[in-house]
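**Q** One-letter residues, chain by chain:
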Amino acid sequence: MSNPITKYLPFFTDAEVPHTVSARPDTGLYSAKLGIWLFLASEVMLFGGLFSAYIFLRLGAEPGYWPAGLLNVPVGTMNTAILIVSSITVVMAWAALKMRQLGKYKLYMLVTIVCGLIFLTVKLSYEWPAKFNHFGVFIKKEEASKYEEFLGNKHLKDTGQSPRWEISGHLLDAPKGSHYAHQAEHNAEHFAHETGRHDAVTPAEDDYVIQLDAVNANPSDKENDRPHFWPVPTSTKLAVIKASDVESASVFAPRHSTYFATYFLITGLHGLHVLGGIIVFLYLWLPFRGGTQLYKTNPEHLANRVEIAGLFWHFVDLVWIFVFPIFYLL
Amino acid sequence: MSASHSHSPTPAGAAHDAHGHDQAAEAAHIAAHIGGYIKVGVGLLVLTGITVGLSYVDFGSRQMNIIVGMIVATIKAAMVAAIFMHLKGEKMTIWRFLIMTAIFVVGLFLLTLLTHSDPVSGTSYSTH
Amino acid sequence: MSSIATADVGHHGGTDPHADHHHHELGFLQKWVFSTDHKVIGLQYGVTGLSFLFFGFLLMLVMRWQLANPGIAVPVVGGFLRSVFGETVMTDAGALTAAGYNVFGAMHGTIMVFFGIVPVAVAGFGNYVVPLQIGAPDMAFPKLNMASFWCFFTSCVLMMGSFFLKGSAAKSGWTAYPPLAGIADFENGNIWLNGQTMWLIAMVFNITGSLLGSINFITTIIQLRAPGLTWMRLPFFVWAQFVTAFLLVLAFPPLEAAGFMQLTDRVLGTSFFMPTGLVVGQSVAQTWSGGGSPILWQHLFWFLAHPEVYVLILPAIGIVSEIVANNTRKPLYGYKAMVYSVFTLGFLSFIVWAHHMYMTGMGAKVAAFFQVTTIMISVPSVILLTALLLSLWGGSIRFNTPMLFATSFLPMFGLGGLTGIPLAFNAVDLFLHDTYYVIGHFHYVVAPGTIFGLFAGVYFWYPKVTGRKMSEFLGKVHFWGSLLAINGLFFPMFIQGMGGVHRRWYDGGVTYEQLAGPVLHWNKVMTVSAGILALFQLVFIFNFFTSWKFGKKVGRNPWDATTLDWDTPTPPPHGNFDKPIEVFRGPYEYSVPGYHADFHPQTSRD
Ligand code: HEM
Ligand SMILES: [Cu+2]
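Residue numbers (this note's numbering), protein chains in the order written: chain X, 978 to 1307; chain V, 169 to 296; chain B, 905 to 1510.
Errors might be hidden in some of the hints.
Calculated lysine to any residue pairs in the SDA-like style (CA-CA distance at most 20 Å, straight line) [claimed, not checked]:
#1 B/1483 - B/1508
#2 B/1269 - V/191
#3 B/935 - B/947
#4 B/1269 - B/1252
#5 X/1273 - V/288
#6 V/259 - X/1005
#7 B/1234 - B/1504
#8 X/1118 - B/1189
#9 X/1199 - V/225
#10 X/1214 - X/1160
#11 X/1100 - X/1247
#12 X/1273 - X/1078
#13 B/1269 - V/225
#14 X/1273 - V/191
#15 B/1269 - V/284
#16 X/1117 - X/1184
#17 X/1134 - X/1200
#18 B/1234 - B/1189
#19 X/1117 - B/1189
#20 X/1219 - B/1189
The hints are simulated quantities; they were obtained by calculation from the structure and are not laboratory data.
Please work from the sequences and hints to get the whole structure.
**A** Structural data, given as structure tokens:
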């Protein structure tokens, strides 16, 4: 098969390297198996570096600066389950190839790919955007008493919990010149449409108006001391905050806090790994020379490839097993 | 170029010949494992549910909850690594450097934290 | 990942009758540019790396001029530099500006370490020599190897391109410490196209290339050793590369992670390394939420960068070992002890990193821990050095050019290592940290140490690559000139450092004359030495190119060596060997009593 494109690529010039398919007797390994494990070792160190940053920053955070309960737990749980299912199917796909059942292989691989795509879609079209439309302001500590009705620090102190400095929800009005002005305008329209109220936009030019999250609406309610499983909808209560009382203000984007910085960086990098895995799986699933075509000439070679791609995929799953509790639950 | 693979103990091509028998045995061996994969998978799903549930149980302090959560996560990770990734029964070569990796990653976590928790005393040093 | 998965597409088991033809019909592009042959890739890395070493050296020459003659226009090339590097870096009169000094300093360090020495020592020599020495036809993953080079090449383009951005290249040191690095280079108003951001992006590519390469090295050494080549029959160079590759695989990723974090700090406004209440130009910076820690960067950086210094030195020790054994015509003294040492060294190098951070305010307990591990790591280093010194004992040494460089490596590396020991002690280091003493310490290890080792390697393997020897006469001129000049350049740094001269004063210390006055005249000595050193490198460059055409022709084994790399045709063809390779003995069987020659090749059966 002479393919006009690959003909001019350098891919056929390799020297004949032994142990690409068969195992070397003294190590019992074919080369790619060793290579992928080395790669995974380096990945352990990569995510290790990120997790060590997470631990370091979390333990170093001042009380009240490491938020909890901001992510959607049911959706996260579902995504976790989807990744686990895909891990099962990919190992089944490999087993099917080993038993020389091409049809089953294709089926299991398809399920794996679909699972990966669902995971990514949920992440990119639902979880992340939902965060980007959420807004929080950290109040300067010395001004916090003014906002006690939203922060509830007395209650927190009495019950021995860390203080709260953040007021969050949907931004309805932003100070003049803020680059969130557009988002605020949009939210205010939506708010007016839903509630029929038009009091969200204040005449003052240096105010934030926030449609409060449940925690800030009832900060002294015991109900709100621990995160909820089902996300609680935003209340219709509003808070007006003077810009000069604000230490920092941001949507729930990486810049919001070190919590969201680590969350977005780690899940982002993880998402890229999922994407990479999907691309490799597609290659192995479609009738490329190195994909299912290879089954005809050297099924063992194809099985090896599925095995190493699968190892990578399991690792991605394994990382998620830690990501899920540390960001969503704990 | 023909010389290049003749020195290899098992030239790539040789794998095909001895195939038939080995392959059948291996297939049978793998078929026996499939039930195990499914069981582990279901176990992982159940443990996911448990992780979520436990995070709403009050173990006395945040720290305790984190420790419990991490223990469950580690069990899950071990299951994935041992069964799905076939680390159970994997070759020594791979185990050796994975153990090294584990040691270094733990070193990275712990030593970094140590310097964090042992500041020069008597100064206003703080990490933020 | 996908490259691993596809690493062995193509013809295995010789099923395709056309496979052979392709090998003969390679065009220039396939043969020399997009090659998957480990030798070509080794040369690509080597030549690129050598060019970078030279370029980094030129940057340093300009800095040295400035240190000895602060504010005075650079002679002859000042105007040229002004037109190339622009107004941030050079004044109209052709003198180096303060910002320019920072640019050159940061880029000198970065280029020398990540674009010069590692590419030459690890990727260049490693790629060319390791498969030959273990009797393999190529690396285990040839395409991954090519991908590694092109990742590296991309990083080179980005890093060099950053000189031409508005505001010039990175200015925050090769260590890129935040928070300064986090706020640097935003003056031109573009968060992506500026020096420090480009530095980070280039480093991510560089690291990725290194990772791909080292995975390949380890796999190759484990999987592709020729029959009979047991672990304890490996040439020491292969061991050195093996450990080096592990250091890269396991230490680089945390820096890659840290690179991502600094990148998001700069372009997405995260605060991984930005502390709360950061004051930029008199007002509290509102751009960052705060809550981050600059110390975290230092941890992640040095977690790599300490192992990295062993990445810089181990391949050179490997090269020197080969040359010492070959030219003393004796086995290496304590080969096994060396192997165990190099492993111990590799292991320990992961738990000493915070000796670079004594000044960050760590308490006595932790400092004591790192102090102890740092002292421990000098034990295996000393074993390696001692074994090599003892190998010289009683040998009938052939002092050819490679051997001259190799022997002088030993005391020079020794001096560098010994001056590291005071730095290991917290109390001493609090004084010496960030002075020229530290600069002297590590330059002794890397310049007359590693770089001499690399020169030795170039002279040694040049005949294998080109089929001709480099001129011995010019080689000796190069050696003696370099040896004298390099000591004139680096030794005074110890004096200055103990006199309190800080490593980043851009005017050579004039502002602090009251403090450093008595040692400032050494600046002149060092600058003159640097100039002389440059002249002698021209001899090398001349020799390197002319010998390619006019050098003395040689056969397969010009040095009467024992290892497999000398058992191939010269230069080695695609696939390397013209006969089946089987190994029967250890790597350094020289002067074996009763054997008819004074060297006993690893492949000889009798
Ligand atoms: C053999 C024992 C060695 C010891 C005990 C040692 C110790 C140290 C210490 C404590 C420092 C930190 C000084 C400071 O910043 O205040 C240092 C810096 C350094 N060492 Fe070594 N070292 C040794 C060998 C080496 C070797 C083999 C290399 C390189 C090939 C090397 C390269 C460096 C570099 C590059 C720095 C400075 C990095 C910077 O701040 O820019 N050292 N050494
Ligand atoms: Cu160090």
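**Q** Take the hints in turn and mark each one as holding or not.
**A** Hint check:
no. : hint            : verdict
1   : B/1483 - B/1508 : holds (13 Å)
2   : B/1269 - V/191  : violated (59 Å)
3   : B/935 - B/947   : holds (12 Å)
4   : B/1269 - B/1252 : holds (19 Å)
5   : X/1273 - V/288  : violated (67 Å)
6   : V/259 - X/1005  : holds (7 Å)
7   : B/1234 - B/1504 : holds (11 Å)
8   : X/1118 - B/1189 : holds (17 Å)
9   : X/1199 - V/225  : holds (15 Å)
10  : X/1214 - X/1160 : holds (19 Å)
11  : X/1100 - X/1247 : holds (11 Å)
12  : X/1273 - X/1078 : holds (12 Å)
13  : B/1269 - V/225  : violated (37 Å)
14  : X/1273 - V/191  : holds (15 Å)
15  : B/1269 - V/284  : holds (12 Å)
16  : X/1117 - X/1184 : holds (15 Å)
17  : X/1134 - X/1200 : holds (16 Å)
18  : B/1234 - B/1189 : violated (65 Å)
19  : X/1117 - B/1189 : holds (15 Å)
20  : X/1219 - B/1189 : holds (19 Å)
In terms of the numbered hints stated before, the structure departs from hints 2, 5, 13 and 18, listed from lowest to highest.
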